[in-house]
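Residues 120 to 362, numbered by the working numbering, are exactly what the sequence shown covers, in order.
Just so you know, not all the hints are guaranteed correct.
As the list claims (entries may be wrong) - Using 20 Å as the maximum straight-line C-alpha spacing, the simulated PhoX-like pairs for lysine-lysine come out as follows: (1) Lys311 / Lys324; (2) Lys324 / Lys334; (3) Lys281 / Lys311; (4) Lys280 / Lys311; (5) Lys253 / Lys220; (6) Lys150 / Lys247.
Unchecked claim - Using C-beta positions, here's what the derived DEER-type ranges look like: (7) Thr349 / Glu276: 18 to 24 Å; (8) Ser137 / Phe188: 34 to 40 Å; (9) Ala301 / Leu330: 21 to 27 Å; (10) Ile226 / Leu356: 29 to 35 Å; (11) Ser137 / Asp304: 36 to 42 Å; (12) Ser205 / Ala301: 40 to 46 Å; (13) Leu330 / Asp143: 18 to 24 Å; (14) Asp222 / Ser292: 26 to 32 Å; (15) Leu315 / Leu356: 20 to 26 Å.
These aren't lab readings, by the way, just hints derived from the structure by calculation. This one's a predicted model, so the numbers in the text were calculated from it and none came from an experiment. Every residue gets a Cβ at the ideal spot worked out from N, C-alpha and C, and that includes glycine.
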Amino acid sequence: MELRKIPIFLLLFGCVSSWRAPDDFIFLPIKSGEYDIATWQKITSSDDAVHIYIEGDGRAFDSAGRPTFDPTPRGTFLRDIAMSDSASNVVYMARPCQFIKSDACTISDWTDGRFSRKIIESVAYAVKQVSGNKPIILIGYSGGAMVSGLLIENHPELDVKKWITIAGVLNHSDWTGYFGDAPLDQSMNIEKIPSLPQIHYVAEKDKTVPLDLSKSWLNEENMVVISDATHDDFKMLEIDFSY
């Protein structure tokens, strides 16, 4: 495992300057192939499962629909959820090119190739490094749900005990087609929803990943609809980590 401490002020291109991680979380970038992946980690037990939160697509496009030059998320929705998790082992994991702009980063990495094999392999390596031999509970938000599902599908060696998504995209072809957006031609898709313990939290008023799409992807018994919630505002969200 290659972990490198780098001054945070050099990395947080798009972050709200007032946001600070709790003192029990350590910022640790992971060198993963061509990318440096930003993580904040709280690891206090050698035996307990590690809760790994995978960030969404971030600011891939601007308000005019043009690709940005920095996909770092401006909001702190998933970071706040991860860092309020009282489990002994918790990791917030950004997507490649968020927070840290590696030399290998290209605009395709957060647009049409955001779920490409090289991106998924990079995240898989980082997940292996932070989890070690510990069991994993994998939590994916928005586009991070696609990433987490692709990790499970393509890396059965990962000891994922439970899969949790929040406002998750689970089929990017359906998703882009729904809005009439350009297809993600350089990306892999989830072939089949994995058969392992799972729960999917969806927002009743989600305009980014509409409820109708979530219902077309998921079985009712695995889905929890949060009333009055939006894509990045889940009121009264209580995550069930049991498996």
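Here is what the structure says about each hint:
With a C-alpha separation of about 26 Å, the suggested pairing of Lys311 with Lys324 is violated against the 20 Å cut-off. Proximity of Lys324 to Lys334 is assessed by CA-CA distance (about 13 Å); at most 20 Å being required, the pair is judged to hold. Pair hint Lys281 plus Lys311 holds up; C-alpha atoms about 16 Å apart against a cutoff of 20 Å. About 18 Å separates the Cα atoms of Lys280 and Lys311, which keeps this hinted pair within 20 Å; it holds.
A threshold of 20 Å between alpha carbons decides the hint, and for Lys253 with Lys220 the separation of about 29 Å lies outside it, so the pair is violated. For the hint pairing Lys150 with Lys247, the CA-to-CA distance comes to about 12 Å; that is within 20 Å, so the pair holds. Between Thr349 and Glu276 the C-beta distance comes to about 36 Å, which lies outside the given range of 18 to 24 Å. Checked against the given bound of 34 to 40 Å, the beta carbons of Ser137 and Phe188, roughly 23 Å apart, lie outside it.
One distance hint, 21 to 27 Å for the beta-carbon pair Ala301 and Leu330, holds here, with the actual separation near 23 Å. One distance hint, 29 to 35 Å for the beta-carbon pair Ile226 and Leu356, holds here, with the actual separation near 32 Å. The hinted window of 36 to 42 Å between Ser137 and Asp304 holds, with their beta carbons roughly 38 Å apart. Hint check: Ser205 to Ala301, Cβ distance near 41 Å, so the stated range 40 to 46 Å holds.
One distance hint, 18 to 24 Å for the beta-carbon pair Leu330 and Asp143, is violated here, with the actual separation near 36 Å. At roughly 31 Å, the beta-carbon separation of Asp222 and Ser292 lies within the given 26 to 32 Å, and the hint holds. The hinted range of 20 to 26 Å is satisfied by Leu315 and Leu356, whose Cβ atoms lie roughly 21 Å apart.
Consistency note: the structure conflicts with the earlier hints numbered 1, 5, 7, 8 and 13.
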